[in-house]
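**Q** Sequence:
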Amino acid sequence: MADIPPDLTNARIAELFDELGDLYELDGAVVHRVLAYRNAAKAVRDASRSVATLTREGTVTSLPGIGKTLEEKLKALVDTGSIPALDRLRGTFPPGLIAMTRLPGLGPKRARKLYDELQIDSLEALAQAAQDERLRGVKGFGPKFEVAVLEAIAAGHGDERSRRIPLYRAMETAGPIVEALRAHPASDEVHIAGSARRMADSVKDLDIIATASDPRALLDAFAALPELESAGNPGDNAARGITHNGLSIDVRVVEPDQLGNLLQHFTGSKNHNTALRAAAVRKGLHVSEYGITDDATGQTHRCATEEEVYALLGLPWIPPELREDRGELQFTGEADVPQLITQADLKGDLHMHTIASDGRATITEMAIAARERGLSYIAITDHSASHGFGNDVSPDELRRQIQRVREADAAVEGITILAGTEVNILPNGSLDYADDLLAELDWVVASVHTAFNLDERAMTQRIVHALEHPHVHALGHPTGRKIEQRPAYAVDIDAVIEAAARTGTFLEINSAPDRRDLHDVHARAAVAAGVLLVIDSDAHGPEKLGLTSWGVGTARRAWVTPTQVANTRSWEELAALRKGAPDR
DNA sequence: GCCGTTTTCGGCCCGACTGTTTTCAGTCG
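Position 569 (the first sequence) corresponds to 577 in the numbering used here; numbering is contiguous.
Heads up, a few of these hints could be off.
As the list claims (entries may be wrong) - Straight-line Cα separation of at most 25 Å, DSS-like style, residue types lysine-lysine; simulated pairs:
| # | residue 1 | residue 2 |
| --- | --- | --- |
| 1 | Lys117 | Lys83 |
| 2 | Lys50 | Lys117 |
| 3 | Lys152 | Lys121 |
| 4 | Lys212 | Lys50 |
| 5 | Lys147 | Lys212 |
| 6 | Lys355 | Lys117 |
| 7 | Lys587 | Lys355 |
| 8 | Lys147 | Lys121 |
| 9 | Lys490 | Lys50 |
To be verified - What follows is a set of in silico ranges between Cβ atoms, one per label pair, in the way DEER data are often shown:
| # | residue 1 | residue 2 | range |
| --- | --- | --- | --- |
| 10 | Ala584 | Val345 | 38 to 44 Å |
| 11 | Asp344 | Pro435 | 22 to 28 Å |
| 12 | Ala231 | Gly36 | 39 to 45 Å |
| 13 | Pro590 | Phe460 | 23 to 29 Å |
The set of hints was computed from the structure by calculation and includes no laboratory data. Backbone N, C-alpha and C define an ideal beta-carbon position, used for all residues, glycine too.
Make the full structure from the sequences, and use the hints.
**A** Written out as structure tokens, the structure is:
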């Protein structure tokens with residue numbers, strides 16, 4: 009069996025399927041065929057295993073949305089490096105045509121029409137034609153479109169898919185706005201909906217659903233908030249604002265008896281709602297944001313709560329984090345809904361930094377802050393000997409740090425302080441402290457901080473080697489990704505999960521809000537493989553210990569229950585589960 | 001192109017808005 013090309017990552021394959029969808033759409037394919045490619049792209053992107061490998065194994069059709077035809081295309085891609093249909097379509101339509109379809113108001117149908125009738129094949133040619141007022145000669149296009157298209161191109165639309173911002177940054181901006189709406193005398197209930205409510209990694213914009221005694225007063229108050237750069241009224245009971253840092257916020261005020269319908273609709277996800285509605289149709293029910301219509305009676309039920317919406321469809325209430333059409337619509341009753349972990353379940357935090365490396369506080373300060381948060385143990389895990397940036401902890405310094413931890417543990421009541429390290433995994437998979445020094449520690453988390461650009465095979469070997477080390481208890485931020493900033497390094501995450509399961513090493517969900525690494529799909533695969541997770545703050549100061557809410561959000565999206573997370577246990581119980589523990 | 005408590009064919013979520021059009025297709029979320 010020939011090797012799988014190293015650059016054939018799931019992300020790359022998903023891109024190719026998306027491109028095929030775009031091209032088939034331009035080619036005039038029926039909408040459902042196009043949709044099939046988009047669905048397949050999402051399934052590939054979400055797959056926890058290498059789709060190229062699944063293709064080689066002949067099991068790729070087990071993924072939802074991948075059938076015989078797409079399997080054939082995947083086989084061609086894996087075997088030859090290309091998909092014949094994609095090559096053919098690329099030869100038919102200039103790449104600029106796809107950029108044109110990204111413009112607001114210009115979809116594939118209309119872009120194709122301009123290409124066929126005016127031979128417009130790029131944003132530049134489109135702008136020129138609009139400038140020359142030639143677009144209005146085509147049926148369906150008029151002067152308003154010429155103005156709009158020039159504005160859109162000037163604003164940079166069409167250059168790329170619209171950018172998303174990490175959820176934590178959106179919430180930093182939106183938090184005060186939501187607080188202001190909640191505090192307003194005219195407001196009753198104020199809910200954040202959309203991907204923010206689902207605790208997604210990133211958001212495009214923010215949806216707020218509210219009920220109010222005086223909708224107009226609330227919307228006017230919203231529009232007048234100093235956080236907004238501009239605001240408008242797209243409808244009677246809605247407002248849209250754009251914050252100074254470019255976040256778009258939609259507010260809808262609804263009647264209390266429809267709050268459940270609207271909240272459900274605007275929480276999404278799109279895939280969840282589409283699948284939910286398709287299932288409802290089979291029962292003779294039609295779901296929209298305004299209610300649920302019954303074919304048999306013609307009556308529309310309005311729902312004040314989401315519980316009613318789901319109950320009418322024969323489903324238990326589904327936690328927003330699960331609403332991704334990843335199996336949650338198979339629930340038949342409350343008993344099927346996993347008891348998802350909450351931040352209150354965490355009893356300890358096993359990854360944080362102090363002034364010994366790049367943290368801002370002392371051991372004692374961190375311990376007191378953790379105790380105030382209700383934690384019963386923490387591990388001090390400063391960076392190791394070769395970390396660089398002036399923050400390295402030499403072996404001798406680590407010995408002194410262990411002593412300081414023992415002293416602090418004795419001095420601070422009500423919390424156990426553990427001596428640990430975040431040791432670097434060097435490019436060859438070895439660690440940058442000696443084994444006898446690591447053996448003195450209570451807790452060792454190993455992480456990759458250098459040489460991110462190894463190829464997948466080398467990176468996987470590097471990490472698996474570290475997981476096999478007898479003193480390594482957990483793998484820190486396992487893929488190195490930063491949300492909307494830096495992709496994961498090339499690594500076979502299935503092999504990492506397998507090695508973690510085999511060696512009894514925990515995998516971390518790092519809660520730094522720009523990391524949230526492992527991400528949800530991989531975390532779900534890890535617990536399915538029997539791996540225990542740890543959810544850590546990676547705090548660099550006392551005020552950052554609460555960041556574990558982000559890691560918990562990721563864990564909930566991964567269907568994780570408290571027992572699947574090691575640090576929901578007491579330190580005594582957890583210690584006994586560590587690799588190499590005497591009674592393990 | 002996928003899929004099955006309408007199972008191997010014939011379906012595939014729903015409604016609002018837009019610019020253009022005299023009744024609507026395409027786009028968007």
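**Q** Compare the structure with each hint and give your call.
**A** Results for each hint:
no.: 1; hint: Lys117 with Lys83; result: violated (31 Å)
no.: 2; hint: Lys50 with Lys117; result: holds (23 Å)
no.: 3; hint: Lys152 with Lys121; result: holds (17 Å)
no.: 4; hint: Lys212 with Lys50; result: holds (17 Å)
no.: 5; hint: Lys147 with Lys212; result: violated (33 Å)
no.: 6; hint: Lys355 with Lys117; result: violated (56 Å)
no.: 7; hint: Lys587 with Lys355; result: holds (20 Å)
no.: 8; hint: Lys147 with Lys121; result: holds (9 Å)
no.: 9; hint: Lys490 with Lys50; result: holds (20 Å)
no.: 10; hint: Ala584 with Val345: 38 to 44 Å; result: violated (30 Å)
no.: 11; hint: Asp344 with Pro435: 22 to 28 Å; result: violated (45 Å)
no.: 12; hint: Ala231 with Gly36: 39 to 45 Å; result: holds (43 Å)
no.: 13; hint: Pro590 with Phe460: 23 to 29 Å; result: violated (37 Å)
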